[in-house]
Every structure is written in C-alpha cells, then in structure tokens.
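**Q** So the sequence lines, in the order shown, correspond to chains Y and F. The opening residue of the first sequence carries number 21 in the numbering used here; numbering runs sequentially from there. The opening residue of the second sequence carries number 454 in the numbering used here; numbering runs sequentially from there.
Calculated from the structure, these hints are not laboratory results. Fair warning: there could be bad hints in the mix.
[Said to hold, decoys possible] Here are the computed lysine to any residue pairs in the SDA-like style, where the Cα-Cα straight-line distance is at most 20 Å:
#, chain 1, residue 1, chain 2, residue 2
1, F, 458, Y, 407
2, F, 458, Y, 481
3, F, 615, Y, 210
4, F, 458, Y, 539
5, F, 458, Y, 461
6, Y, 463, Y, 343
7, F, 458, Y, 540
8, F, 728, Y, 398
9, F, 728, Y, 540
[Said to hold, decoys possible] Covered by chain F, according to a simulated footprint, are these stretches of chain Y (three or more residues, beta-carbon under 8 Å):
#, segment
10, 78 to 89
11, 358 to 365
12, 457 to 464
13, 486 to 494
14, 504 to 510
All C-beta atoms, glycine included, are put in the ideal place defined by N, C-alpha and C.
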Amino acid sequence: MKWLSWRILLIIAVIIPAVVYVLPTFKPTMWPYNQINLGLDLQGGMHLSLDVQTEKAVESTMERTRSDLRGRLRAERIRSVEVSDDNTHELAFRLINPDDLTGFRNLVERNHSELRILSEDEQNGEIIVRLGLTDDTARDVQRQAVRQALETIRNRIDEFGVAEPDIRVEGDRRIQVQLPGVTDTDRAKELIGRTAMLEFKLVDDEHSLQRALDGNVPEGSEILYGSAEGEEGRQPFLVRERTILSGAYLDNARVQIDQQYNEPYVLIDFNREGARIFEQVTAENVRNRLAIVLDDRVYSAPVIQERIAGGTARITGNFSTQEARDLAIVLRAGALPAPVDIIEERTVGPSLGQDSIRQGLFSMLVGGILVLTFMVIYYRAAGMIANLALVLNILLIAAGLAAFQATLTLPGIAGIILTIGIAVDANVIIFERVREELRLGRKVASAIEAGFNRATLTIMDANVTTLIAAVVLFQFGTGPVRGFAVTLSLGVLASMFTALVVCRQVMETVYVSRRMKTISI
Amino acid sequence: MELIKPGVNIDFIGRRKIGYIISIVLIAAAILTLIVNKGPNFGIDFAGGTIVQVRFDGAVELDAVRAGIAEAGLEGVSLQTFGAEDQNEFLIRTQAVLDTGDAFARDLTAELAAATGAEAEIRRVEMVGPQVGETLREGALFALFYALLFITIYISGRFEMKWMVSGITAGILIGGVVFLSRLQVSIPLLILAAILITLVLFWQLRLRFAMGASVALIHDVTITVGIFTMLGKEFSLPIIAALLTIIGYSLNDTIIVFDRIRENIRRYSTRLLEKNINNSINETLNRTVLTSSTTLLVLLALLFLGGDIIHDFALTLIIGVIIGTYSSIFVASPMLLLLQGTMPLEEEGEGLEDEPVESGTEAAAR
C-alpha cells in the first residue's frame, strides 16, 4: 500500500504542473506562464546565416598599421619605399640604406607588437622587408570583428523592432539571425546586411578626373562612384584615399525633412572629437569639395563654403522616408567591422505557417482518432485505459514544450504524431504480456503484476534507443529538425511514464484492489 | 480481439534463407540505384541552391510565370506546380545560390504579377550557400554514424554486459574519425570505413546481439535510402531526421525480440538456439505487427493530410517502418545464429552455461 500511494503522489505531481504549463497556450490571459513557442516554419519569419568576412577586417587592420608604420618611418628618418603588391595580408618596404635594417627592426619591435617580420631579402644593395600580422593578432582581429558585428546587428534589429529576435554566433565566423513574424524581408535583409561604413573624404580637384578614369590614378587618390544611377551610369569622383572622419565619430543620426524641397535627409551629429576634427578640416579646406561616402558610394560632394562649427552634417540622396529612416538606424547602430554575406536564408510567409499548423493538427487529430479506435477494438476496456494514457501523453508533451520553452516546429508536430503511434507500443507490450500470463492460467491480479514487471525492462530498453537517436539528432540538427528531436524525446519519456506508472496505477485500482475475477483485455 | 492467434508457430528461422535472399536483392538494388544515380539526390539543404514557393491569387499560365521569372533576372531555374491543382502554387528552384538580398522579393513579386496578371505572394524562400550545404552534409553523415555507434554500444552493454569492451571500441572509433576528418579525408569514405571496422570488431569480439542489431540497422538505412532515391525524391534535413528515427524505431523492434530471445535462452537453456529464436519471434509477433500497424496508421494520416512540406518525411518513415519491422524478424534475429554457427558446439554449450551469471548481474542492476 505504501508503494501504491507513492505512485499516486507522483502522478499528481506530474499532472498538475503539466496542466498549469499547458493552459496559457490556449487561454493566454489565464496566468503569466509562457505559451508554447512556435518555430519560424509555423509562425512565419526569417532565418539568416551571415558569413562575416573577417579577412576584410584583417585587411583594414593592416591598412591602419601601414599608415602608422609609414608615419613612424618618416619620423625616424628611415628612408624607405613601400613595395605595393596585390597581397593584402602583407606589407613590404624597400630600405634604401641597408644600414637602417637594425633601426627598422627596433622600430617594429618597439611600436608594432602586432607585426612580425616575414622575410628580409637583399636585392641590389637594398633590403626588402616583408611584414605580416602575427597569428595571434589576426585571430584577435577576426574574433573581435565577429563579436562587434553581432553587437551591431543586434542594435540594428532592436531599432527595427522585431519581437523576440534570436541572434547568435555560430562557429568561427557565422552569425545566425532569426526574426519571427517579419514580413518585409527585403528591408530586414538590407538593414542587417549593410556594412554602413560612413566616411568623409576630400575630393581631389588637383588632378584630372578624366586622366584618372583612363588609368592614371594619382598616388593617394581613388575613384569612387555616386549613389544615384543616372542615364549615363553612376557619376565618378576622384577622391583622396585618406578618410578624414568616419562613422566612428558619430553621436546621433536622425531623419529631417528639407523644408525647401520637402525631401527627407539624414542629419548626423558628431561627438566632441568628431566635431573638432570636422571644424578643423572645413576651416583648412574652404572652397574644396568634401565627399560623403557610404559603403564606397559617394552620396554627395558639397563645396565647403566656410568653417563649420557645431559638428553636424547632412546626408542627402533622394531618399524615401523609409530609406532615410533605415539609414539613420544603421548609422546610429554603427558600421559593421567587416562586410557580411548572406549564406543561408529560410523565409516562411505567415500564410504558409498557418496552413502548416492547420494541416499538422488535422493529421494529428485523424491519426489520433484512428489509433484510439483501434486500441478500443483490440483491447476493449484495457484499450480505454491505454487511450487515457495516450491523451495524457499529448498533454505531457505540450506541457514539456511550454515548460522547457522549446520550440514547436512542423517536423515537431510530425514527431508528436509519430509518438502517438509509438506510445501505444508500451501498452501493447504490457497487455500482450498480461494476456500471456492469463493464458498460462494466472489470476487477474498476478497476471497484471507479472505483466508489468516483465514488460518494464523491455520497454526501457526499447525506448532508450529511440532516445539516443533523438539526442544525436538534437545535437546535429538545426531549427525545424531540432523541434522534431525535442517532441520525439518528450514523447518517449511521456509514454514510458504514462504506460508504466499511470496505466499500472489505473489497472491496479480497477482490477487488483477490487479483486476482479475477470479482465477485459 | 487478436490479429495473430496465440501459440502461432511460423518457422521463420527455417526459412531464413528466403529472408536473406530478399534482403540481399533489396540491398543490391539499393546500391545499384545509388551507383547509377551517382549518389542520392541531394536537395538544396545539402547541395546548395534556392527554392522559392509562390502562390497566385488566380489561375495563371505556366509560360507567363516563366516569363515573369526571366524578367526578374533569374536564370537556369526549373518551375513546377506545388500542392493541389487549384492552389495556383509553384516551386521555383535552382542549383544556383541566388542573391536574395536587395529587394529580391519585391522585384520578383512585381515581375510575376506583371507577367501573369495575378497577384503573387512569396510564401517561402530557402537559399543555402554551398559552404552551408557542405557543413550540413557532413553533419548529417556524422549524426547517422554516431547514432549507429551509440546504439550498438548500448546493445552490447545491455545484452552482453560488455560495456567496457564496446565503450573502448567506440572511443577509439570516434577518436579515429574525428582525427582523420581533421586531415581532410573524404568523410563519406571515412564513415563507411568506420562502419566496416565496427562490424569486423563485433564479429571478432563475438558481440552477437550488437552485430545482429547493427547489420539490421545498416540494412534498413541502405534500403530506405535506395527506395527513396529510386522514387526520385530529394534528401533534405527532415529526411535525415526521418532516417535517424528509423534507426531508433527499427532497433526498438529488434530489442523486443532480442529481449525475448535472451529470456528464452535463460529459461530453456537446453533447447536448440534455433528453436529459442524462432519461438521468441513468434511470441512477440503480435506486438511487432500491432505496433507497426498503429505507427503506420498515424504515418499514413500524416502522409495524406500533413501537407506537401511534410510529405516526403512521412514517406521515408513509412518505408523505414516497413523495412525495420521486416528486418527485426528476418535479419537481426537470424544474424545471431550466423555468428553462433562459427563457434564449435562445445563452446556453444559453455556459452549457454554462462547465462545464469549474466542474469545474476542483471538482477543486481535491477
């Protein structure tokens, strides 16, 4: 009897919390517990995998180091010429005077711990030194780039306004973004994927643009193209390579409407240092043009009329209000440290999600009714008990989903349906055993006892294997497939509990404690 | 009610040759299909590519849809209808990884609407880049391998009390596979080799239950993959999930029979092994058939009512459940005999005397 009451307590201890967890899904106002999460394939939304081009971050670190090093070489009066080649991961300097090598080495050692000397070759009395970032530095830069990209994307999405986005790093350089319920996927992708690298560069008006276009780009300058695509293509600009100011000095960005043309533009406020640099540059370059460059596109290149104090600038470019608003968002959130590529996208529209839920639930209902009917026909009264266990089973799976905040996906629903089929297995094993014992001439009570005892280990063994498969699946699977692994494991656990504990309790209460002489099985 | 009368005694073991022939033919056909087909048909999850599912709000001409797609600048795509006829739903698919950024959806819906005169709604976009496809493909293979491995460890542990031996074997195998996969060895070959080594080891160590179970599992997965490929279906992530489930399910069946075999060997230790195995299969036959029927019942509901996205998943499971049920009767159990047959008779008797010791440990564990 002691054993008996222990089992009843356990059943109560499982069922009551299960009901508590499940109810809010059907009646959200009931109490503040969580509803069952629906996966993107059921509620609609977008899943993106982004590849952060970390090598680009390494390249820009290299670029900064190069100009630092050049400045120091000049300061130390080490005469050198930079050897330019296509290898963006290496720097090469030609030392005019071989005696400077020691000085060069010392300089690098003292000021550039991030660099290491790859080779020193002597050529016609001159020495060519090649340098590269140390492995540690390169790794740090890459890791930092991914972390910063994650942070930036998170900020942008927060401003975009998505309920419960999920943004996480995956592997070395991938970022996974899940946006439930997003319908304007184009806009979301633009917001997330845009590098948003804002730069201010002086226009090079000393040299001829035409000659540069013909291939004679002067040292220290580059050709960039305009943002607007006119009839003759994009307008080219010859600008200085050096970036005077960048988005890093930005304090705020907001949308304003031009009173005169009734056109939206983005007004940016620099922080104190940015404002100081801006004031200085504009003072030094009155009458020159200043190009406002966003992601290597020139948005405008106004002539500096006078020194500009106060630290604000405006970005114009025939924006729609929404484009301007999105641009303000990405500028506020900051630039990505490196460009990102979308390497995986899975988008499900809300109507498809609805259809999937409807079809999934309908096939669950039909499958369930078929099995319930089958069990009653086959095992009669005992079949009813098994059916009770089956219904309880589904309740427990739903409660498990809500309690663990797992996500229900379309394959997840399939997992529940499959569980309905498999769940009766435990009962079938037990009932077949009981029947066998009865045929051997045992009394009802001892047949039930023996049936459960013998079946217990078999059921455990059989279910552990499905559980192993489900756990492996959970480990390897992504999104929807994971949802399947979750419902399958929950189903297996629930079916063991309902068959071995609940069914046993009911059968003992109905047949054993009332000393029934016959059993309908 | 009873489907199979108690006391039924079908001579499965006596006719095991028929089972072997059927299995060998099926496996050969599966392997042949895979060779002719140059491997399974990988869907975009594994091969990379793009799928766009579009629905129109009225009847449209296939040619008009094609024109709209071309107008939107998508090249080398195939177009097929999806779902029921009156749904006006299409699947646009291509091996190419389309750039789905930059107003992709906006442009495509606009062009499709202009070409067909019906409003287009993009219901689903799936784009998988080649590097992602490769990651997923490797992940899937590893998952299948690990599931097989862990399950066989469990079997040899539970049924033969050789946790240590099988644990060490598995540790070495996992270590080897992980190490070699770092060295850029072709992963499918690697896993094939690992599976072969596993089988040889089980044979050498005389782990007959584990051997029987793993042969049955490989049998089930190979045939299911073969039939699936024969039907021209594509492998996607959910299909791999279905295969893993089949591994779990088929084993479930096998274990029930093995459990009974173990029990009968212990109870009737003087009986011939053939007889014990055959009796066990017959005694559990009712359960085997019953559980498979209820499972098939719900899977059929899923196949016909669950919608197109889940259709192939349900189909794989149905094939797997049928093959798995067959294999636990005709493959896994007779395999026990096959291994037994390699031992001299005296040794066999010794082996049987060991059984009480085995059940002793087990009782303690219980």
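**Q** Now, for every hint given, state plainly whether the structure supports it.
**A** For each hint, the structure was consulted:
Between residue 458 of chain F and residue 407 of chain Y, the direct Cα distance comes to roughly 24 Å. Violation of the 20 Å bound is thereby established for this hinted pair. Of the supplied pair hints, the one linking residue 458 of chain F and residue 481 of chain Y is violated, its CA atoms being roughly 26 Å apart against a limit of 20 Å. For the suggested pair residue 615 of chain F and residue 210 of chain Y, the alpha carbons sit about 58 Å apart, so the restraint of at most 20 Å is broken. Restraint check for residue 458 of chain F and residue 539 of chain Y: the C-alpha separation of about 19 Å stays at or below 20 Å, so the hint holds.
Proposed proximity of residue 458 of chain F and residue 461 of chain Y is supported: the alpha carbons are some 17 Å apart, at most 20 Å. Between residue 463 of chain Y and residue 343 of chain Y, the direct Cα distance comes to roughly 81 Å. Violation of the 20 Å bound is thereby established for this hinted pair. Taken as a hint, the residue 458 of chain F and residue 540 of chain Y pair is honoured in the structure, with Cα atoms around 17 Å apart against an allowance of 20 Å. Straight-line distance between C-alpha atoms of residue 728 of chain F and residue 398 of chain Y comes to about 29 Å, which puts the hinted pair past the 20 Å bound.
Our distance criterion of 20 Å between C-alpha atoms is broken by residue 728 of chain F and residue 540 of chain Y, whose separation comes to about 32 Å. Coverage of a stretch by a chain is defined here by at least three residues with a beta carbon nearer than 8 Å to that chain's beta carbons; for the segment 78 to 89 of chain Y and chain F the count is 0, and the condition is violated. Beta-carbon proximity to chain F at under 8 Å applies to 5 residues in the segment 358 to 365 of chain Y; the threshold of 3 is reached and the given coverage holds. Taking a C-beta to C-beta cut-off of 8 Å, the segment 457 to 464 of chain Y contributes 1 residues in contact with chain F, too few for the three needed, and the coverage statement is violated.
Coverage of the segment 486 to 494 of chain Y by chain F holds in this model, with 7 residues showing a Cβ closer than 8 Å to a Cβ of that chain against a need of three. Counting residues of the segment 504 to 510 of chain Y whose C-beta sits closer than 8 Å to any C-beta of chain F gives 3, which meets the bar of three, so the coverage hint holds.
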